[in-house]
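Novice: If you read the sequences in order, they're chains P, R and W.
Residue 153 in UniProt numbering is what sits at position 153 of the first sequence, and the numbering runs on without skipping anything.
Residue 96 in UniProt numbering is what sits at position 96 of the second sequence, and the numbering runs on without skipping anything.
Residue 108 in UniProt numbering is what sits at position 108 of the third sequence, and the numbering runs on without skipping anything.
If you are wondering where the hints come from, they were derived from the structure by calculation, not from laboratory data.
A few of these clues could be false.
When the alpha-carbon atoms are kept at most 20 Å apart in a straight line, the in silico EDC-like pairs for lysine to aspartate or glutamate are as follows [said to hold, decoys possible]:
| no. | chain 1 | residue 1 | chain 2 | residue 2 |
| --- | --- | --- | --- | --- |
| 1 | P | Lys-32 | R | Asp-154 |
| 2 | W | Lys-32 | P | Glu-88 |
| 3 | W | Lys-199 | W | Glu-156 |
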Amino acid sequence: MTSLFSPGVQQTLDLIGIFVFALSGGLLAVRKNMDIFGICVLAEATALGGGVMRDLLIGATPPAAFSNLGYFVTPLVAGLVVFFLHPEVERINRAVQTLDALGLGLFCVTGTVKAHDYGLGSVASVALGMLTAAGGGVIRDVLAMEPPSLLRWDREIYAVPALVGATMVAALIAVGRLTTLTASSAALIAFVLRMFALKYGWRAPRAWHRNGSRTSEE
Amino acid sequence: MTSLFSPGVQQTLDLIGIFVFALSGGLLAVRKNMDIFGICVLAEATALGGGVMRDLLIGATPPAAFSNLGYFVTPLVAGLVVFFLHPEVERINRAVQTLDALGLGLFCVTGTVKAHDYGLGSVASVALGMLTAAGGGVIRDVLAMEPPSLLRWDREIYAVPALVGATMVAALIAVGRLTTLTASSAALIAFVLRMFALKYGWRAPRAWHRNGSRTSEE
Amino acid sequence: MTSLFSPGVQQTLDLIGIFVFALSGGLLAVRKNMDIFGICVLAEATALGGGVMRDLLIGATPPAAFSNLGYFVTPLVAGLVVFFLHPEVERINRAVQTLDALGLGLFCVTGTVKAHDYGLGSVASVALGMLTAAGGGVIRDVLAMEPPSLLRWDREIYAVPALVGATMVAALIAVGRLTTLTASSAALIAFVLRMFALKYGWRAPRAWHRNGSRTSEE
């Protein structure tokens, strides 16, 4: 397996990303008026769903989320934090979004690397890198009966930064230049793109409706 | 593999649980005005979804639901029963709920044992025991476009009894005392907790909204 | 592995089916006002979702969709076609439905054969053949927050043609008569049934509500 960071550093980064993804799941559960159990389920699904789907698809069973106790317990802690402190967590939403962007950058990189380690090609590895980073959020929204924010035109782009980061990693692997430094740079670029998207309201284009037939949702 | 019961007893218990879970899927399909095919799909998904997800996660492919003909055919029978007799099935709702609670108790135990047999740790085994018992109902609700009743605060607790039963099993395994008797006791306790929850309307707490900011859904 | 067609023919048929399934995903994304990214995600999920679920269930990881570049890229091309030309694609809806019926016929056959190749029994192979043909559409609808059209009583039957085609294949395998010719016939029959269903508005029966208690959705 490719080791980009020392195991301790990798684990720490993973847990930070998992914690923040779990916060976003827990906060949506509170907004949806769910109980403590729903909060924890949504925290788990959001934080681990992308990685679990990746691991199922590459045949890495049981998924890391079920063999590493820290991965599993961290979302529960985040769920409890949200349960007791959700007004405070909502208030530091800016900080949460920043950490979420960090998680996005990190997971698109590590997801791509892991898929490649399991023998997948470049394009498939990029797809699984994006799935790792963004898949949990889709599961969160489906369970909460929300239109997946990943697919909504009126949300700042989320997948494109992950696409850029994952593509950089696949290219670095292809040219034999994946190192801790270059991988970190790819994660950083994905992070920065996401922060810019949030700051400047970047959105992706919709299919245009010609002849004045734009849809009524506008 | 751990055998808690003789194969015949195990198979019989499994089929009863699968049949009753399938009834709940079929009844929701009728309420949603689905056709005979939708009824059978929802019966299958509800009855087998939890176990299939567990088997995918532990790498036991093909899942038992696809290698044991009885597991697959039973939900179809339940679907047909609902199709022809749904008013009668609705009328004995109390009996259905009781059998559903039995299925919950049974599957949280067998799911935990199977996950442990495949090498998962205690916490992950408990999680997969709960998934086995409650996962099918979540798939049922998502397919029927209903907010998952597992996650709703205004429903009697369903996951907590499964959590208690699964945790007891993991503890029994850890201390080397899992026998047919102790496993049955764990299933019975989960069953009784669920029946009490139904009888007394037990619910789990939601995150409180301080400063009078309780949400409007109340 | 069973080869029904020469590899080139098989690949060509697969790609046509994938392309058309992807169009239906992309068109729903446009109707739901999604951006270019949502269009491509829905195109991918619709086109590949059924086969990916089948491959996960039979333990064929990574799924073909992730090891065959053509399978993965084709939905992206379909997504771009929809993005730029969706009014034109909507206009040839009849042709799209015809090609979709062809995909249905093809995939219910190849899905059943692949499941049998991986050692599954007849009934399970039929179920996985239907999942291959119809599963992507269910994922499409769930992601787009639409009641799955597969499960709606007011849509022309979709699963029944797949059931007939898959059952024919399983029977042909059982009697040792699966050849390119007989498999093609099964696919053709599923295709024709679907076209008839569209032309004559064939629907499946719902559970009847006796004593005049028909539901309000009617």
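Novice: Checked against the structure, which of the hints given earlier come out wrong?
Specialist: 2
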